[in-house]
Every structure is written in structure tokens, then in C-alpha cells.
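**Q** In case you want the letters, here they are:
2 protein chains.
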Amino acid sequence: MKKIMMLLALTAVLITTVNLAFAAETTGQELNKKIVREFYDLAINKKDFEAASKYLGPRYIQHNQRAADGAEGLKDFIRFLRDKFPDAHSEIKRVFADDDYVILHVHAVREPGTRGTAVVDIFRLQNNKIVEHWDVHEDILEKAANPNGMF
Amino acid sequence: MKKIMMLLALTAVLITTVNLAFAAETTGQELNKKIVREFYDLAINKKDFEAASKYLGPRYIQHNQRAADGAEGLKDFIRFLRDKFPDAHSEIKRVFADDDYVILHVHAVREPGTRGTAVVDIFRLQNNKIVEHWDVHEDILEKAANPNGMF
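If you read the protein sequences in the order shown, they are chains A and B. Okay, so the first sequence: first residue is 1451 according to the working numbering, each after it adds one. Okay, so the second sequence: first residue is 1451 according to the working numbering, each after it adds one.
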């Protein structure tokens, strides 16, 4: 009977360990998605650098070719948005996560009523903080070659 | 002794099941990455529609605003590349997968020696076949606001 109890306990520990490893991977990526969504809304829609900057790591490596490097570059970009396009709004259409990366597929509209731009943003996270950013932008044409839309 | 053997067998089955679920998720996404890499190289670099089309599902929903819908649209696009930019080459810089999606971060150069374009492609797969595609393109500028490059 003792042996059976031991074996049962061992089984429970093993299954829990495997499940926890699985859950940790999923939870980590789900948490990263949540962090990036919140950061994006604060930075791009609320245009609140102070609030957004709390999501940044000790370094923020910028690959957007029109933005200066680091947190200061983000600050400048948010100030530019506030000044020139106070009503700019970005709608996140899809969120993906893989390893330490979160990828957003976004419809960005700088002036309400315009067609706007399709954007993909890629963020790299470290210890639940955003440390690196890449993006690609493409203006949406008036007429497309197919009826499916860019999203 | 019989009880212990039964319990051992049950343990093995349970652990195997949990591990298989974990492995299937990972293998599925790794396989999808491999499929998309092969498809991309055949379509964009080798410009071989016949070979690439074997990777497509019964429908290929196109969101690239300059390409016609379906496999026929891809055929036309590959023909255009062959005719106008026979040396066009795309280098995959990063590959991500989440759920049924594979995301590529790509440096596309249509004419050797030019700066080229940063691209993100998003593919959706069903039963290991590519059934939907979105993308975003941005020309690489001569001078960027930071020293980090677009990749």
C-alpha cells in the first residue's frame, strides 16, 4: 500500500511538472501579448509617454527608420503624434507571440476618415519589459487588386 | 504487485499523453515554419509557380493589395517577377509561428545592389497547406534616424 501511495505521489509530481512547463510557456507568451497591447494603447492611442515608458526595459532598441533610438526617441515620436495628429488611432487587428517576441498587425489612421496604413510591429521582450522594436508600414490604396482588404 | 504494474502503466500513458500534446503543438508550428520557408523560397526566389503551388490549400485568400486573389494571382505575380526582376531575392530574417499562423520578417531586394524593402508576410495554414496571406512593405531609406538598421 505504501508503494502505491509513493507511486501515486510521484505520478502527481511528474504530471504537474510537465503541465507547469507547458503552462509557463503559454502564460509567458499570453502575458507578453497583454503587456504589448497595453503599451501600444498608452503610447500610440493615449499618447502618454510617462505611462508607456513604464513598460520599457533598461534599453529600447529602435529599428523604425524614422525614429531616434531609445526611450527618448519614443518620447519625441509621441510628442510629434500629439502635436501633429492628436486624433491618430491604431486598431490592433491580430496579435501573435513566439519565444520572446510579440507581433502586432495594425490598422493605423492618423486623421479620422482617411484610409490609413497597414502596419506590422515586432517587439522583443526581456523579463516582461519591451527592449526592442521593428516595424513596417504600407499606405492603403484607394483600389486594391482583390476584394479582401489589407486585414 | 499487479496494482503497482497497473499504476506504472497508467502513469506512463498519462505522461506520454501530456508530452504528446506539448510536442504536437510545438511540432505543428515548427512544421508550419518549414512549409512556409520552402514555399517562400520556391515562389519568390526560385520563381517557380508549379513547385510553390503544391503548398497551397484549396483556396488562397490574398490580402496583398497589388495582387489578384487566389492561386492565379500568385501565378501572375511570379510571372511578373520573372519578367521584370529575374534577380529579385528575398532573405528571411526572422520566422515566427503562433496558432495556425506563420510570420516572416524579410529583406526583399528586387535589383541587386539596391537598398530594397522591409517586408512582413503573414500566412495562415490549414492542414499544413497555405490558405491565406497578408503583407506589409516599406522601402528602406538611404538615411535612418537611428543606427540599428531595419532588421
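Everything labelled a hint here was simulated from the structure, so no lab data went into it. A hint or two may mislead.
As the list makes no split between identical chains, a pair holds if one copy fits it or if it spans any two.
Stated by the list, open to error - Only pairs whose alpha carbons sit at most 25 Å apart, straight line, appear in this in silico DSS-like list of lysine-lysine: (1) K1543 to K1593; (2) K1452 to K1593; (3) K1534 to K1593; (4) K1452 to K1496; (5) K1453 to K1496; (6) K1534 to K1453; (7) K1579 to K1504; (8) K1452 to K1504; (9) K1525 to K1453; (10) K1543 to K1453; (11) K1525 to K1593; (12) K1483 to K1452; (13) K1497 to K1453; (14) K1525 to K1579.
**Q** A separate judgement is required for each hint: does it hold in the structure or not?
**A** Results for each hint:
Proximity of K1543 to K1593 under the C-alpha cut-off of 25 Å is restricted to the intra-copy arrangement: shortest distance 21 Å within a copy versus 30 Å between copies. Taking identical chains as interchangeable, the C-alpha atoms of K1452 and K1593 are never at most 25 Å apart, the minima being 75 Å within one chain and 73 Å between chains. When the C-alpha separation of K1534 and K1593 is checked against a cutoff of 25 Å, the pair qualifies only between copies, where the shortest distance is 23 Å, while the shortest distance within a copy is 27 Å. Proximity of K1452 and K1496 under a CA criterion of 25 Å is satisfied in neither setting, with 61 Å inside one chain copy and 66 Å between copies.
In this homomeric assembly, K1453 and K1496 never come within 25 Å of each other (Cα to Cα): the closest approach is 61 Å inside a single copy and 63 Å across copies. For a Cα distance limit of 25 Å, the shortest separation of K1534 from K1453 qualifies neither inside one copy, at 73 Å, nor across copies, at 75 Å. Taking the closest pair of Cα atoms, K1579 and K1504 come within 25 Å of each other only inside a single copy of the chain (8 Å); across copies the shortest separation is 41 Å, beyond that limit. Taking identical chains as interchangeable, the C-alpha atoms of K1452 and K1504 are never at most 25 Å apart, the minima being 53 Å within one chain and 59 Å between chains.
Proximity of K1525 to K1453 under the C-alpha cut-off of 25 Å is found in neither arrangement, the shortest distances being 63 Å within a copy and 66 Å between copies. Taking the shortest alpha-carbon separations for K1543 and K1453, neither the intra-copy value of 55 Å nor the inter-copy value of 54 Å comes in at or below 25 Å. Taking the closest pair of Cα atoms, K1525 and K1593 come within 25 Å of each other only across two copies (21 Å); inside a single copy the shortest separation is 35 Å, beyond that limit. Within a single copy, K1483 and K1452 get their C-alpha atoms no closer than 46 Å, and across copies no closer than 48 Å, so neither meets the 25 Å cut-off.
Taking CA atoms no more than 25 Å apart as the test, K1497 paired with K1453 passes in neither setting, with 62 Å inside one copy and 64 Å between copies. For the identical chains of this complex, K1525 and K1579 are intra-copy neighbours only, at 17 Å inside a copy versus 43 Å across copies, given an alpha-carbon limit of 25 Å.
Violation of the numbered hints given earlier is confined to hints 2, 4, 5, 6, 8, 9, 10, 12, 13; the remaining hints are satisfied by the structure.
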